[in-house]
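**Q** Place chain P on chain W using the hints.
If you want the building blocks of each chain, they are given just below.
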Amino acid sequence: MTGRTLYEKLWAAHEVEAYDEGVSLLYIDRSLIHEVSSPQAFEGLRAAGRRVRRPETHLAVADHAVPTRDRDRPIADPLAREQVALLAVNAEAFGIAHLPLTDPRQGIVHVIGPELGFTLPGMTLVCGDSHTSTHGAFGALAFGIGASECECVLAAQSLRQARARTLRVNVCGRLGLGVTAKDLTLSVVAALGVTGGVGYAIEYAGEAVRSLSMEGRMTLCNMSIEAGARVGLIAPDETTFAYIAGRPMAPAGEAWGAALAHWRTLTSDQDAVFDRMVEIDAAAIAPRVTWGTSPDQSAPVTGTAPDPATAASEAEARKIARALDYMGLRPGQPLIGLAIDNAFIGSCTNGRIEDLRAAAEVARRGRVAAGVTAIVVPGSGAVKRQAEAEGLDRIFFDAGFEWREPGCSLCVAMNNDRLEPGKRCASTSNRNFEGRQGIGARTHLMSPAMAAAAALAGRIVDVRGTAA
Amino acid sequence: MERFETLTGLAAPMPAANVDTDSIFPARFLLITGKRGLGRYVFYEWRAGPGGAPDPDFVLNQPRYRTAEILVAGDNFGCGSSREQACWALRDAGFRVVVSTSFGEIFHANCFKNGILPVIVSPADLARLLADAEAGAPLTVDLAAGQVLRQAGPVIAFETAPWRREALLNGWGEIDIILNRSGPALDAYEASRRAATPWLY
Numbered sequence: 029m030t031g032r033t034l035y036e037k038l039w040a041a042h043e044v045e046a047y048d049e050g051v052s053l054l055y056i057d058r059s060l061i062h063e064v065s066s067p068q069a070f071e072g073l074r075a076a077g078r079r080v081r082r083p084e085t086h087l088a089v090a091d092h093a094v095p096t097r098d099r100d101r102p103i104a105d106p107l108a109r110e111q112v113a114l115l116a117v118n119a120e121a122f123g124i125a126h127l128p129l130t131d132p133r134q135g136i137v138h139v140i141g142p143e144l145g146f147t148l149p150g151m152t153l154v155c156g157d158s159h160t161s162t163h164g165a166f167g168a169l170a171f172g173i174g175a176s177e178c179e180c181v182l183a184a185q186s187l188r189q190a191r192a193r194t195l196r197v198n199v200c201g202r203l204g205l206g207v208t209a210k211d212l213t214l215s216v217v218a219a220l221g222v223t224g225g226v227g228y229a230i231e232y233a234g235e236a237v238r239s240l241s242m243e244g245r246m247t248l249c250n251m252s253i254e255a256g257a258r259v260g261l262i263a264p265d266e267t268t269f270a271y272i273a274g275r276p277m278a279p280a281g282e283a284w285g286a287a288l289a290h291w292r293t294l295t296s297d298q299d300a301v302f303d304r305m306v307e308i309d310a311a312a313i314a315p316r317v318t319w320g321t322s323p324d325q326s327a328p329v330t331g332t333a334p335d336p337a338t339a340a341s342e343a344e345a346r347k348i349a350r351a352l353d354y355m356g357l358r359p360g361q362p363l364i365g366l367a368i369d370n371a372f373i374g375s376c377t378n379g380r381i382e383d384l385r386a387a388a389e390v391a392r393r394g395r396v397a398a399g400v401t402a403i404v405v406p407g408s409g410a411v412k413r414q415a416e417a418e419g420l421d422r423i424f425f426d427a428g429f430e431w432r433e434p435g436c437s438l439c440v441a442m443n444n445d446r447l448e449p450g451k452r453c454a455s456t457s458n459r460n461f462e463g464r465q466g467i468g469a470r471t472h473l474m475s476p477a478m479a480a481a482a483a484l485a486g487r488i489v490d491v492r493g494t495a496a
Numbered sequence: 352m353e354r355f356e357t358l359t360g361l362a363a364p365m366p367a368a369n370v371d372t373d374s375i376f377p378a379r380f381l382l383i384t385g386k387r388g389l390g391r392y393v394f395y396e397w398r399a400g401p402g403g404a405p406d407p408d409f410v411l412n413q414p415r416y417r418t419a420e421i422l423v424a425g426d427n428f429g430c431g432s433s434r435e436q437a438c439w440a441l442r443d444a445g446f447r448v449v450v451s452t453s454f455g456e457i458f459h460a461n462c463f464k465n466g467i468l469p470v471i472v473s474p475a476d477l478a479r480l481l482a483d484a485e486a487g488a489p490l491t492v493d494l495a496a497g498q499v500l501r502q503a504g505p506v507i508a509f510e511t512a513p514w515r516r517e518a519l520l521n522g523w524g525e526i527d528i529i530l531n532r533s534g535p536a537l538d539a540y541e542a543s544r545r546a547a548t549p550w551l552y
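In the order they appear, the protein sequences are chains W and P. In the working numbering, each residue's number is its place in the first sequence (first place is 1) plus 28. In the working numbering, each residue's number is its place in the second sequence (first place is 1) plus 351.
With the rest of the complex left out, here is chain W:
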């Protein structure tokens, strides 16, 4: 028998019943629930008179619509206030654990799941959120679903799913100095293209991936969906186990030993066959910046915006031209030197402690440029407290950054953090779509260190050349 990939092992372990060729009923171990994709799911349960099959497997927390300041006051926007309140009501009514805004553990679903030890290797985990692939960094089969599927998981603890094809992205070598997991992530998305991962479960492997911290691995898996893949995976190893040990919801005592023995089996076998393999050389990666309105439209910071005239096809030329027009860029314009109005450090991609440390390391060297508004939004209450314990909040404050309360904030601009039309933002988030950070706003995705460096300079710079 030929070996199996990690994805195939996880799939097989959660197959309740095979339904059709390649289609199975897949058991869902856990789900994270937030305020935006759950109201209609709970309403559906009520309308049908259904109960939640295993309430203890779900965890609810508001993150998308929550304000990042004035948290001691009621939410000003009545719609947001009602949406956040409704989550508490629904969780209570269906017996699901809920972390209110006042709870020190509140934060972005994809940050708090791992922090609490709610996310564990070998499990299936879903959330009504496309960035659920984040949890694949732990060797969990985790993917985003819609609200109807959320309702299905609440009622039936399972989903009918078609098995994905497997794609291994092998990143050999080491990332250079000043080059981070975000730069690797943007490189992978650019290499695969926005549709390159459609229909695939990606497994990231290779020396550069092994060398990443859990924070870096989460950044990498987080943006799998930007290449079209719902699932991104990394086999758990000692780095993973060290991160999980002692977390509040992680197994302890005898259970820890049993869990660890199981988790050590969660690797792709040597002779496993992937449907597709892609090789990436880590050493060749430079700090990367998006120039367009799709996450695959990026270039090394030392590069330029492309010229539609040299595009491979007419369709590609139209795409590039439209993106440049929206972004207010000329063909061939260098990325270094582009003046910015805003900087955003945070999100489920880059709102973890390591990200804030990297940004603070840069921020300590100067002050936010005149005319630039820079905000730092920790991914969770735990990240915020850790950063404050390390004095990072003071560094940001002294440099002229605003220090906010945890939430999704400017990554999705659903709360009151929003950019004005035409404003250009150096952002550590995951999507540079038209209007993502506000109507007409222009988003350049980059790493936390790069965004902090841009905030200080007032323009996009190569962080490698700004060291003191």
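Mixed in with the good hints there might be a few duds.
[Unchecked claim] Partial list, computed: chain P residues near chain W (C-beta under 10 Å):
1) Arg354
2) Leu358
3) Gly388
4) Arg391
5) Ile526
[As the list claims (entries may be wrong)] Partial pick of chain W residues on the chain P-facing surface, computed with a CB cut under 10 Å:
6) Glu43
7) Tyr47
8) Arg78
9) Glu110
10) Gln111
11) Leu114
12) Leu129
13) Asp131
14) Ala183
15) Ala190
16) Pro276
17) Ala278
18) Pro323
19) Thr338
[Said to hold, decoys possible] Some residues of chain W that are not near chain P, with every Cβ distance over 12 Å (derived):
20) Glu71
21) Gln189
22) Leu205
23) Gly206
24) Thr321
25) Gln325
26) Asp426
27) Glu433
28) Asn458
Since the hints were derived computationally from the structure, they do not count as laboratory data. Idealized CB from N, CA, C, for every residue including glycine.
**A** Just chain P, lined up with the frame of chain W:
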């Protein structure tokens, strides 16, 4: 769940590639907790145009596409965010079929839960259907037969996974399908996993 069998209707062309669900349903309207009446927000920023006044060039603002029930879209339609509001808004705006060469996977799955049929065709066939839509030629989409019938040319065949097709043709809801068929299997699975991976229980 709303069923889908066949539909004859007008198609609107939207050739741009990678139309994301943020564009289909902008984030600021996600604060609405209901799923009805969302059609007024579909492609809101594109409908409104930069100055706020309706953009007369935007395809869905053109009077001749006001009754369109089929959207013929560029590659990778519905990529990005998992927001099912994109489907609810499209359905409320009158769309029953979306045609493209590929879809964002979560959007694709969401369509089936809401009586919308996503049809995947080849790039060459997409070009033909875009031309039909430009010409205002109605199309007939037959799910059981897996065919798009055109006034202007030969039939275009498409495939839909049998498990999804069957549910959509019959209007079966996902939860009922699972609980009717697999209740005992779920119980048995949980019992065995409780023993094998007790830390998850």
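**Q** Hint by hint, which ones does this structure get wrong, listed from lowest number up?
**A** 1, 2, 3, 4, 12, 13, 16, 19, 20, 21, 24, 25, 28
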